[in-house]
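**Q** Under the numbering used here, think of the first position of the sequence shown as 2, with each following residue one higher.
Keep in mind that the hints were calculated from the coordinates and are not lab data.
The reader is advised that the hints may include incorrect statements.
[Unchecked claim] Once the Cα atoms are required to be at most 30 Å apart in a straight line, the calculated DSSO-like pairs of lysine-lysine come out as:
no. : residue 1 : residue 2
1   : LYS46     : LYS145
2   : LYS10     : LYS122
3   : LYS5      : LYS54
4   : LYS87     : LYS117
5   : LYS122    : LYS47
6   : LYS104    : LYS51
7   : LYS3      : LYS16
8   : LYS73     : LYS104
9   : LYS33     : LYS122
10  : LYS104    : LYS122
11  : LYS10     : LYS124
12  : LYS3      : LYS122
13  : LYS38     : LYS54
14  : LYS73     : LYS122
[Unchecked claim] Derived CB-CB ranges, DEER-like:
no. : residue 1 : residue 2 : range
15  : LYS38     : GLN9      : 29 to 37 Å
16  : ASP118    : LYS51     : 32 to 40 Å
17  : GLN106    : LYS38     : 42 to 50 Å
Bear in mind that the values here come from a model prediction, so they are computed numbers and not experimental data.
Glycine included, C-beta positions come from ideal geometry on N, C-alpha and C.
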Amino acid sequence: MKIKEIFQKDYPNGKQLIYEYCTDRFYSVSLKQGNHKFTFEFEEKKLENKLHKRLESNFFSHHDAHYFQLIKNDFEVGVLVLTFHKWNNTLRIEELHIHEQYKRQGYGQELITFSKDMAHKYKARSIMLETQTLNYPAISFYMKNGFEIIGFNLNSYTNEDIENGEVRLEMGYKCLDQI
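Make a model of the complete structure from these sequences and hints.
**A** If you want it as structure tokens, here you go:
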């Protein structure tokens, strides 16, 4: 197994990114306002029907990014896109995807470990990423790997994100050697 950097110039026809997951639960978000305070609550709930989500996009769509492939036996198992932001000294995981047939076999952990090593190389103070309250498997995975909820956006995707059950979450990992 190896992780190698890849470049857009080597893919003249582009490279497709498939974003896919299945879940039977999500985090419901509620907002209460009044008496000079705001309260947000994230509550784990079970979906009535299991959800399978699949989106496709252009892999090489991030400015100033480093693109990586996780290869096993000459096959792509997963991909990772990282950007380093000097202005706030953070490394951002723009994309981390493991192909469906390879999930839950430790490959995502390999890419997280690689990301942590890259953060150390860049002397980043933290690693940040975005996921959604509907992507319960990703939230669980990132929390298992030391990431915490550091923020959210109630209308990042639509003006009805709370009602749609898909609120943007920002998660972060503090790089202890840089604190």
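**Q** Next, verify each hint and record whether it holds.
**A** Hints versus structure:
Note on LYS46 and LYS145: the hinted pairing holds, with a Cα-Cα distance of about 19 Å set against a maximum of 30 Å. For a cut-off of 30 Å, the pair hint linking LYS10 to LYS122 stands: about 25 Å separates their Cα positions. Distance restraint check for LYS5 and LYS54: the Cα-Cα separation of roughly 28 Å lies within the 30 Å cut-off, and the hinted pair is therefore satisfied. About 17 Å separates the Cα atoms of LYS87 and LYS117, which keeps this hinted pair within 30 Å; it holds.
Restraint check for LYS122 and LYS47: not satisfied, since their Cα atoms lie roughly 40 Å apart, outside the 30 Å limit. A threshold of 30 Å between alpha carbons decides the hint, and for LYS104 with LYS51 the separation of about 18 Å falls inside it, so the pair holds. In summary, the hint linking LYS3 to LYS16 is supported, as the alpha carbons are separated by about 19 Å, within the 30 Å threshold. In summary, the hint linking LYS73 to LYS104 is supported, as the alpha carbons are separated by about 13 Å, within the 30 Å threshold.
Straight-line distance between C-alpha atoms of LYS33 and LYS122 comes to about 42 Å, which puts the hinted pair past the 30 Å bound. A hinted pair counts as satisfied when its Cα atoms are at most 30 Å apart, and LYS104 with LYS122 qualifies at roughly 27 Å. Pair hint LYS10 plus LYS124 holds up; C-alpha atoms about 28 Å apart against a cutoff of 30 Å. Taken as a hint, the LYS3 and LYS122 pair is honoured in the structure, with Cα atoms around 18 Å apart against an allowance of 30 Å.
Under the criterion of a C-alpha separation no larger than 30 Å, the hint pairing LYS38 with LYS54 is inconsistent with the structure, at around 35 Å. Our distance criterion of 30 Å between C-alpha atoms is met by LYS73 and LYS122, whose separation comes to about 24 Å. Our hint of 29 to 37 Å for LYS38 and GLN9 is violated, since their Cβ atoms are close to 48 Å apart. Between ASP118 and LYS51 the Cβ separation comes to about 35 Å, which falls inside the hinted range of 32 to 40 Å.
Checking the proposed 42 to 50 Å range against GLN106 and LYS38 shows it holds: the Cβ atoms sit about 45 Å from each other.
Hint check: violations occur at hints 5, 9, 13, 15; the rest are consistent with the structure.
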